[in-house]
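A.B. asks: Residue strings, one per chain:
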Amino acid sequence: AQTVTQSQPEMSVQEAETVTLSCTYDTSENNYYLFWYKQPPSRQMILVIRQEAYKQQNATENRFSVNFQKAAKSFSLKISDSQLGDTAMYFCAFVNTGTASKLTFGTGTRLQVTL
Amino acid sequence: NAGVMQNPRHLVRRRGQEARLRCSPMKGHSHVYWYRQLPEEGLKFMVYLQKENIIDESGMPKERFSAEFPKEGPSILRIQQVVRGDSAAYFCASSPQGVSGNTIYFGEGSWLTVV
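As you go down the protein sequences, you meet chains R and C in turn.
Under the working numbering, read the first sequence as residues 1 to 115, first letter to last.
Under the working numbering, read the second sequence as residues 1 to 115, first letter to last.
Please note that the accuracy of each hint is not assured.
To be verified - Simulated crosslink set (DSS-like; lysine-lysine; CA at most 27 Å straight-line): (1) C/Lys44 - R/Lys73; (2) C/Lys62 - C/Lys51; (3) R/Lys70 - C/Lys44; (4) C/Lys44 - C/Lys71; (5) R/Lys55 - R/Lys73; (6) R/Lys70 - R/Lys55; (7) R/Lys78 - C/Lys44; (8) R/Lys78 - R/Lys55; (9) C/Lys44 - C/Lys27.
Unchecked claim - Ranges of calculated distance between the beta carbons of each label pair, as one might list FRET restraints: (10) R/Ser28 - C/Val12: 34 to 44 Å; (11) C/Asn53 - R/Ser12: 41 to 51 Å; (12) C/Pro70 - R/Thr18: 45 to 55 Å; (13) R/Lys70 - C/Thr103: 17 to 27 Å; (14) C/Lys51 - R/Glu17: 43 to 53 Å; (15) R/Ser12 - C/Pro8: 30 to 40 Å; (16) R/Thr60 - C/Arg14: 48 to 58 Å; (17) R/Gln112 - C/Thr103: 19 to 29 Å.
What the hints assert, rightly or not - Stretch-level coverage of chain C by chain R, calculated; a stretch enters the list once three of its residues show a Cβ under 8 Å from a Cβ in chain R: (18) 44 to 54; (19) 83 to 94.
Keep in mind that the hints were calculated from the coordinates and are not lab data.
Where a beta carbon is used, it is the ideal one built from N, C-alpha and C, also for glycine.
Based on the sequences and whatever the hints tell you, model everything.
C.D. replies: This is how it looks when you write it as structure tokens:
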């Protein structure tokens, strides 16, 4: 069974600073996808970034980027120039190729951006 | 283009009653997924449906829970004889195809409170 571990229950960062959220996963599969989702106080699940395991290049979406280390099974999220609107729960998720969109989620990291 | 629509957003039921949660996928999407989020936890996969078919219900409790996605109308998640432990947020998501790695789009969730 696949597992996703987020070891930081809570993080805090000052506005305009950079923060990195960690995520590790466990799988015996070689082909899979990884995601970071954001859940703001409104509780909606918003896709932040997506990484395909067969691509070595790290995904980037504006201020959000990942550090994907396949051998170490690590998938951290870096948020640059943090903004107050980034305050949210962040969930790392994993899906095997061939299992449709049956995502496995971590327990989340609560990020607070402060002035 | 409307997103994934869930209703009701909030539902209160007494123990032993039935709860019905509805989900209309995004236009053009024929694949629907239900996830459950218990307090302070990540989302957990429950069931994956296509029109008129249950594809994967491996995350669904064996008793009291059922799901359908009829040819016409929304997908329904039905919980019979609710208990306090069913209190959670239930998220529906949809995708145009059931291909792993496809971006799936989440609704805003339905919050069930059992009193």
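A.B. asks: Indicate, hint by hint, whether the structure satisfies it.
C.D. replies: Hint check results:
no.: 1; hint: C/Lys44 - R/Lys73; in the structure: holds (21 Å)
no.: 2; hint: C/Lys62 - C/Lys51; in the structure: holds (21 Å)
no.: 3; hint: R/Lys70 - C/Lys44; in the structure: holds (24 Å)
no.: 4; hint: C/Lys44 - C/Lys71; in the structure: holds (26 Å)
no.: 5; hint: R/Lys55 - R/Lys73; in the structure: holds (14 Å)
no.: 6; hint: R/Lys70 - R/Lys55; in the structure: holds (10 Å)
no.: 7; hint: R/Lys78 - C/Lys44; in the structure: holds (25 Å)
no.: 8; hint: R/Lys78 - R/Lys55; in the structure: holds (18 Å)
no.: 9; hint: C/Lys44 - C/Lys27; in the structure: holds (25 Å)
no.: 10; hint: R/Ser28 - C/Val12: 34 to 44 Å; in the structure: holds (43 Å)
no.: 11; hint: C/Asn53 - R/Ser12: 41 to 51 Å; in the structure: holds (46 Å)
no.: 12; hint: C/Pro70 - R/Thr18: 45 to 55 Å; in the structure: holds (48 Å)
no.: 13; hint: R/Lys70 - C/Thr103: 17 to 27 Å; in the structure: holds (21 Å)
no.: 14; hint: C/Lys51 - R/Glu17: 43 to 53 Å; in the structure: holds (47 Å)
no.: 15; hint: R/Ser12 - C/Pro8: 30 to 40 Å; in the structure: holds (35 Å)
no.: 16; hint: R/Thr60 - C/Arg14: 48 to 58 Å; in the structure: holds (49 Å)
no.: 17; hint: R/Gln112 - C/Thr103: 19 to 29 Å; in the structure: holds (27 Å)
no.: 18; hint: 44 to 54; in the structure: holds (count 3)
no.: 19; hint: 83 to 94; in the structure: holds (count 3)
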